[in-house]
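Next come the chains, spelled out residue by residue.
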Amino acid sequence: MTRAVAMMGTIVTIQLAGNHEDAIDRAFGWFRHVESCCSRFDPASELRQLTARIGAAVPASDLLYEAVQFALAVAEETGGAFDPTVGHRMEARGFDRNYRSGDVVRTLPKGSGVAAWRQATPDPEAISFRDIELDPDERTITLRRPLVLDLGAVVKGLAIDLASRELRTFEDFAIDAGGDLYLGGRNPEGLPWSVGIRHPRAQDADELLDSVRVSNAAVCTSGDYERRSTVPDGGHHILDPRTNEPAAAAASATVIAPTAMLADALATAAFVLGPIDGLRLIERHGLEGLIVTPALERFATPGFPSERH
Amino acid sequence: MKSGSSRRIANNLVALSSAAVLTVYAAGYMKTRAAAQRLEGAGHRETFDPPALRAPAPVADAAPRSLTEVVPPQPAPQPVVEAKPRVEATPAPAPVVPVAVAPAPAAPVATPAEPLTPPAQTASAAAAPAAATPPTAPPDADPKPAEPPAPKPSPYKDGTYFGWGTSRHGSIEATVTIEGGKIVGSAISQCLTRYSCSWIAHLVPQVVARQSANVDYVSGATQSTYAFYDAVVEALSKAK
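Taken in sequence, the protein lines are chains A and B.
Residue numbering for the first sequence follows this note's numbering, starting at 3 and increasing by one per position.
Residue numbering for the second sequence follows this note's numbering, starting at 1324 and increasing by one per position.
To be clear, the hints were calculated from the coordinates, so they are not data collected in a lab.
Heads up, a few of these hints could be off.
[To be verified] These stretches of chain B come out as covered by chain A in the derived footprint (C-beta under 8 Å, 3 or more residues): (1) 1335 to 1341; (2) 1537 to 1543.
[Stated by the list, open to error] Selected chain B positions facing chain A (Cβ under 10 Å, derived; list incomplete): (3) Tyr1348; (4) Val1555; (5) Val1556.
Built from N, CA and C at the ideal position, the CB exists for glycine as well.
Full structure from sequences and hints, please.
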């Protein structure tokens, strides 16, 4: 059975062999739970409550604490190429709409744009993931400065992983959250799942960059074709946190990893880092990946399980 | 160039992500939720219960079908809030693509492993309302049964609603049908894109036409998925 639900800003699809409504309900329950906790757009979310309390050691739920801890570890590992504090920058570029309610969320003054953001944040270049402090004993999070936390690249993956953990006993299942995937076991034909990788310049849905066969793995891709900013000159949605400009070194970055959380975060980081440093990062973790430049040059890890090359 | 310390951190990321998933999962839905609510203090949060876009029955193939096949038969006249005779009386000229439920394979043919449902899961799920079942604690972790939250009243009024979503490829109109406060059907009723509706059928959601390029799934977000999501959200905003 397969069910598709509109959530987390995209369409989430879960496919499971057999008829197990209750299991799929529980799997989607995790998505709902993660979304209500970690949404940047919902003022009632735990994440937004946290960002409203600057300078205080705020006790965090396991979910938020683990998500932030992981995001900081990736930020540290990538030298800030991945940075969960890009929130203000995202907002300045027009990512201020709650895609669920259609409401515009604004923590910046009116007159959107990069100029307004620079005005609202006196020393924007100085804000980084290093302004977030964790206390592992008390499980508290302290934000040392006003900032907007954007855990998007982490929590969608985490929701996929929690849902896949929920479905683990069924062995054969697939979770698709807007092109971020986890494939458990085998497909209905009894083979490892066949996963196409979207061509970043495809004019046709059938045009794929590559395809891979995977089992019990997450496949996530960050591309410059993702949801466009509503600000005319805002560019695509992945910023290089080190320069505050849209990342331009890659058109698409794909990572295959044991968890979607890791695959999604590293795909985002590799997209920012570009082919050389990006692949270095992926290989350092013993993972497989494929990075394509805007000129459509391919860079893949030696063990990338391509079906075409 | 990379020092030993960065290598150590690098190795930890794989383990860290797995540990994070286990920690959150083992803590279970209720515990994480409790902490979240503690943070909010006395304030009561109205959470939006996202729609489960379900069609009445799985369809057998991926061919585009009409809207009436997606929306279950209505015993009483369906209140159409934003009357668009195009949909009510005559089918849209473009093929209408069902999106609520993907064409499920008839049976998992060559899969030897039959899915197993642990008794604990079955029991807790059976006791919980189907629509609002929260994730329960894993069978191999904290055995404490998670209590489902009290069902919230549906924010939606019954009817059929329309919404538009736009991507750089063009616009998609979604139709959402609500019955008894629940979403029972959802479909693309119109698409004004640079490409034909059959192209959209390949992308929204991918499962509708998974035969595309002979792969099961495609990694990488699609514009038309976003557009469809936006269209559903707009349609639902009219249902409140």
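Each hint tested on the structure:
Counting residues of the segment 1335 to 1341 of chain B whose beta carbon lies closer than 8 Å to any beta carbon of chain A gives 6, which reaches the threshold of three, so the coverage claim holds. Figure legend: the segment 1537 to 1543 of chain B, annotated as covered by chain A; annotation consistent (7 residues with Cβ-Cβ distances under 8 Å, at least 3 required). With its C-beta approaching chain A no nearer than about 5 Å, Tyr1348 (chain B) sits inside the 10 Å limit, and its interface hint holds. Hint on Val1555 (chain B) holds. Least Cβ distance to chain A is approximately 5 Å, under the 10 Å limit.
Restraint check, Val1556 (chain B) versus chain A: the minimum CB separation of about 6 Å is within 10 Å; hint holds.
The structure agrees with every numbered hint stated previously.
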